[in-house]
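Colleague: The primary structure of each chain is shown beneath.
4 protein chains.
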Amino acid sequence: MRDVLLVAYRSRGDAVELARTATLDLEATGVSVETRFIEDGASDPVSSSTLVVSLGGDGTFLRAARLAHEADAEILGVNLGRVGFLLSLPPELLNSEIRRAIGGELPIENRVALRVTSIDGTIDVFCLNEVVVERSHIGHMVRVRTYIDGDEFLTYSADGVMVATATGSTGYNFSAGGPVISPDLGVLVLTPIAPHFTIDRSIVVGSNQPIRLETIDGDGAIVADGMLVGQLGAGDSIEVTNDPRGVKVIVTEQLGLGSRLRQSLREGHA
Amino acid sequence: MRDVLLVAYRSRGDAVELARTATLDLEATGVSVETRFIEDGASDPVSSSTLVVSLGGDGTFLRAARLAHEADAEILGVNLGRVGFLLSLPPELLNSEIRRAIGGELPIENRVALRVTSIDGTIDVFCLNEVVVERSHIGHMVRVRTYIDGDEFLTYSADGVMVATATGSTGYNFSAGGPVISPDLGVLVLTPIAPHFTIDRSIVVGSNQPIRLETIDGDGAIVADGMLVGQLGAGDSIEVTNDPRGVKVIVTEQLGLGSRLRQSLREGHA
Amino acid sequence: MRDVLLVAYRSRGDAVELARTATLDLEATGVSVETRFIEDGASDPVSSSTLVVSLGGDGTFLRAARLAHEADAEILGVNLGRVGFLLSLPPELLNSEIRRAIGGELPIENRVALRVTSIDGTIDVFCLNEVVVERSHIGHMVRVRTYIDGDEFLTYSADGVMVATATGSTGYNFSAGGPVISPDLGVLVLTPIAPHFTIDRSIVVGSNQPIRLETIDGDGAIVADGMLVGQLGAGDSIEVTNDPRGVKVIVTEQLGLGSRLRQSLREGHA
Amino acid sequence: MRDVLLVAYRSRGDAVELARTATLDLEATGVSVETRFIEDGASDPVSSSTLVVSLGGDGTFLRAARLAHEADAEILGVNLGRVGFLLSLPPELLNSEIRRAIGGELPIENRVALRVTSIDGTIDVFCLNEVVVERSHIGHMVRVRTYIDGDEFLTYSADGVMVATATGSTGYNFSAGGPVISPDLGVLVLTPIAPHFTIDRSIVVGSNQPIRLETIDGDGAIVADGMLVGQLGAGDSIEVTNDPRGVKVIVTEQLGLGSRLRQSLREGHA
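Residue numbers (this note's numbering), protein chains in the order written: chain A, -16 to 253; chain B, -16 to 253; chain C, -16 to 253; chain D, -16 to 253.
One chain only, chain A, in its complex shape:
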């Protein structure tokens, strides 16, 4: 029998309550359930057979996806978000869907993710939506030189420069003016945020074409899926590639691509 790991923010009352009732309900049927709160930070590794369940909004899902990804476990998202980013299951269906997921009755979709590394090895993070190199001082732009597949491309003065996945294309990438990408495409999207007097259009490259972002003339903050994961000094850089292993997302609703993209544009997830 597969274990269930519920992931939630402790500060979020509705998620905590949902975790409590789901635990009672599932344990009554013999399922072993653990709840992990994001605020508690690092913790024991998860088994690859564990079913990771995200209870919350987009932020919760992106953090739970990180746990699932580390363990190569499957993830199911339960949408408690205001806007409903990334998630599709209403809470009332939670227990029955968890049982269907445990029973392997729901299809799995492999979502392409990114791996972000620095040359000195101090940065090595995964992200599902996007990584941004952004200004770290109020009122200043960051200057970012970009390289595609090892070859110099444009240099931007901007609020930031991001690399997004198809999954992330309807998130921050969309806000910054980027295109929507069909969720099954393993491409990388390079999108500048409020660039000054440079071409502001996104560039879409293949999964085998790594993108390097290098700060020049000053610092930059590295933000992966909305979390600060490091700093770049002048001349430092990160390399962004497709993660060899994506994220196994359990699909609770089967939609055609047109409907799915239309829904993404309404709700902000791909």
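No lab work stands behind these hints, which were simulated from the structure alone. A quick note: this is a predicted structure, and the numbers were derived from the prediction, not measured. Using N, Cα and C, we set each Cβ at its ideal position, and we do this for glycine too. Hints are supplied without guarantee of correctness; some may be wrong.
[Unchecked claim] Straight line, CA to CA, 25 angstroms or less: simulated DMTMM-like cross-link-like pairs of lysine to aspartate or glutamate:
1) Lys231/B / Asp132/A
2) Lys231/A / Asp226/B
3) Lys231/C / Asp132/D
[Claimed, not checked] So the derived label-pair ranges between C-beta atoms look like this:
4) Glu88/D / Gly(-4)/B: 53 to 63 angstroms
5) Gly216/B / Gly201/A: 54 to 64 angstroms
6) Ala25/D / Ile121/A: 14 to 24 angstroms
7) Thr100/B / Val234/A: 28 to 38 angstroms
8) His123/D / Thr181/C: 28 to 38 angstroms
9) Leu211/D / Thr100/B: 34 to 44 angstroms
10) Thr100/B / Asp23/A: 54 to 64 angstroms
11) Ile199/C / Leu211/D: 42 to 52 angstroms
12) Asp107/D / Asp8/A: 42 to 52 angstroms
13) Val234/B / Asn191/A: 14 to 24 angstroms
14) Gly216/B / Asp200/D: 47 to 57 angstroms
15) Asp8/A / Gly216/B: 53 to 63 angstroms
16) Glu92/B / Ser79/D: 51 to 61 angstroms
17) Asn93/A / Glu22/C: 56 to 66 angstroms
Using the hints provided, position chains B, C and D relative to the given structure of chain A.
Modeller: Chains B, C and D in isolation, oriented as in the chain A frame:
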């Protein structure tokens, strides 16, 4: 020995003169050369072993590419254009490059192209850059309902709706606000032109996800690579897929992807 | 007693029927009513004391506004449009509102309009929303050199280049990417449509700063408020200024500026 | 005889050296010169007859403009900037231009500026380019409800929402997608920065139509001309109006409006 087919506009003096001198020069070395003028319209099929050489700008190249595509022949572009769309060889290198191309010394790149069909079979055209369904009356918008992979997506009121290839992404697609696509990606880009109160962002889908464009409430003109190829009445539609066979473009300059995209943004070709 | 001129498209059944019943109703109360159909073309001038009433959508209103402007008469718009551009009065309130308008009980707003002239005097037209110099051949761009206040500005290769008023800012200007302008501002907005590799941002200039649009390298069509009004050959130009006399629009609903702009963004009129 | 106040960053060697040699040169001709370094912070008020001279780039000019504005003194900008924002005088002409400015031989242009206030009176700042309410936490958007002329307009989830002047229109406003405004127009431009699923178009309103920006659901930083000037908690707001007194900028080069806007687009200043 491979034959050479020079393609040019008769109205273009520099191209006609270049064709004349190249013919003399090449025939002196035993190569069989024919010149075909675009204004002369339909003509005998080309052999697949023929080397098609476009002498002109973007318009010439797109028409020569059609000839090459029909015959599955290779194409070499000689840039006489003002802006240098799509083409990279300066005319002074023409004869030496043609000889290298005949000798198989230059690499070939397969460019993804589009096939545009109507259900009633009256439309069946190839294009390398983009196909547009656009308004056919001055001062009116066209209303286009779109379907992705058979599933209804958005309906646009716009000057037009286009589907572009990676090759075409830096052409009309770019003017209309679309992203730049790495030339080796076999994706389709759906971009509306001046859409009224709809999402104006481009959608990038995979090569196996056909896009259907249907006019509602009125007519639309079908324009493929800048040429009018048909009309749609209310309720009619075209389907756009990747052409199973692309275009074999001879590459005269080897650039890294970053440099190549940077050059595309300056010159307007991918 | 002021006369009423109802303006409608003869091809539009609902408008014709509404004109018929309104005429009966108003003439029963002693008002003199005439109906003029747009398809019938040029006709007798209107008196400045006539109340012009547009029965239809945006297209009808823009044509009725031209009649009202010529006569310096007031105009009331009755919205039968699908999207509701420019118009705000539901038909059921028509007769009572016409009576209030005749009685001078409704406020008048003066909308800034444009005057478009050519140097040779062959073009001299008024428009309320926008004037566009656009490509006149399918698949080709038009090249337009622009001058602001007599001084050369940018040259665009584009589908077209427009100059819009505040009233037109939420129409075609918005579709082409232009900003929304508060309806009381007498500014001109220069917006290119799908420009190729030029700055695509709009330029806002003052009412005393005429804009000149000159076609180079080929033809352009002059389209004012959606109607073809002339052609420009290579080197020809039009000059766009604020019309010294605007259009007197009768206001049936008093909204604050925030609500009004918000409504404009939903409905497409300012 | 008018005094001269040179304003510079002490950390900037070229500006410090220029100030030293200009002081020697000007004092030799009987002009009284003082140098003030921006790092030294608050200082004695300036007399309205003082000629304020900014030695540096955009940041220096915006700070010097603040000093000049407080005193209602005239300002002359000397461009040492990399990109040349806002400034137009090359350093070698400095001394002769300062003498012409002292002698009243150069024209003065009054630039519209903004006044930013909070209801509780704790914020009351001037800015020449723009004020932004922006996110104060990495990875989170700020939610900003906007009011135009007292009337509720749109609510944005975004990196920030700005109000810019015509002078600032080619700065951060342009980077964020806003239009270019003719420098003599006293309008306010509302432009969201990377807004999520809202209309991303700028709104241009008149000088008599104040804009209110209110943070909801969390904090926002208030950044005026690139400097942090305050924080907004949930439900707090600032009001942005035209400053009744603008900034008196000395013009060293007379350009037509077209040339001037074209130069702005190259250099980033209006």
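Colleague: Would you mind marking each hint as holding or not holding in the structure?
Modeller: A quick look at each hint next to the structure:
no. : hint                                    : in the structure
1   : Lys231/B / Asp132/A                     : 23 angstroms, holds
2   : Lys231/A / Asp226/B                     : 32 angstroms, violated
3   : Lys231/C / Asp132/D                     : 23 angstroms, holds
4   : Glu88/D / Gly(-4)/B: 53 to 63 angstroms : 55 angstroms, holds
5   : Gly216/B / Gly201/A: 54 to 64 angstroms : 59 angstroms, holds
6   : Ala25/D / Ile121/A: 14 to 24 angstroms  : 20 angstroms, holds
7   : Thr100/B / Val234/A: 28 to 38 angstroms : 32 angstroms, holds
8   : His123/D / Thr181/C: 28 to 38 angstroms : 36 angstroms, holds
9   : Leu211/D / Thr100/B: 34 to 44 angstroms : 59 angstroms, violated
10  : Thr100/B / Asp23/A: 54 to 64 angstroms  : 57 angstroms, holds
11  : Ile199/C / Leu211/D: 42 to 52 angstroms : 48 angstroms, holds
12  : Asp107/D / Asp8/A: 42 to 52 angstroms   : 57 angstroms, violated
13  : Val234/B / Asn191/A: 14 to 24 angstroms : 19 angstroms, holds
14  : Gly216/B / Asp200/D: 47 to 57 angstroms : 50 angstroms, holds
15  : Asp8/A / Gly216/B: 53 to 63 angstroms   : 57 angstroms, holds
16  : Glu92/B / Ser79/D: 51 to 61 angstroms   : 59 angstroms, holds
17  : Asn93/A / Glu22/C: 56 to 66 angstroms   : 60 angstroms, holds
Going down the numbered hints, you'll see the structure goes against 2, 9, 12, while the others check out.
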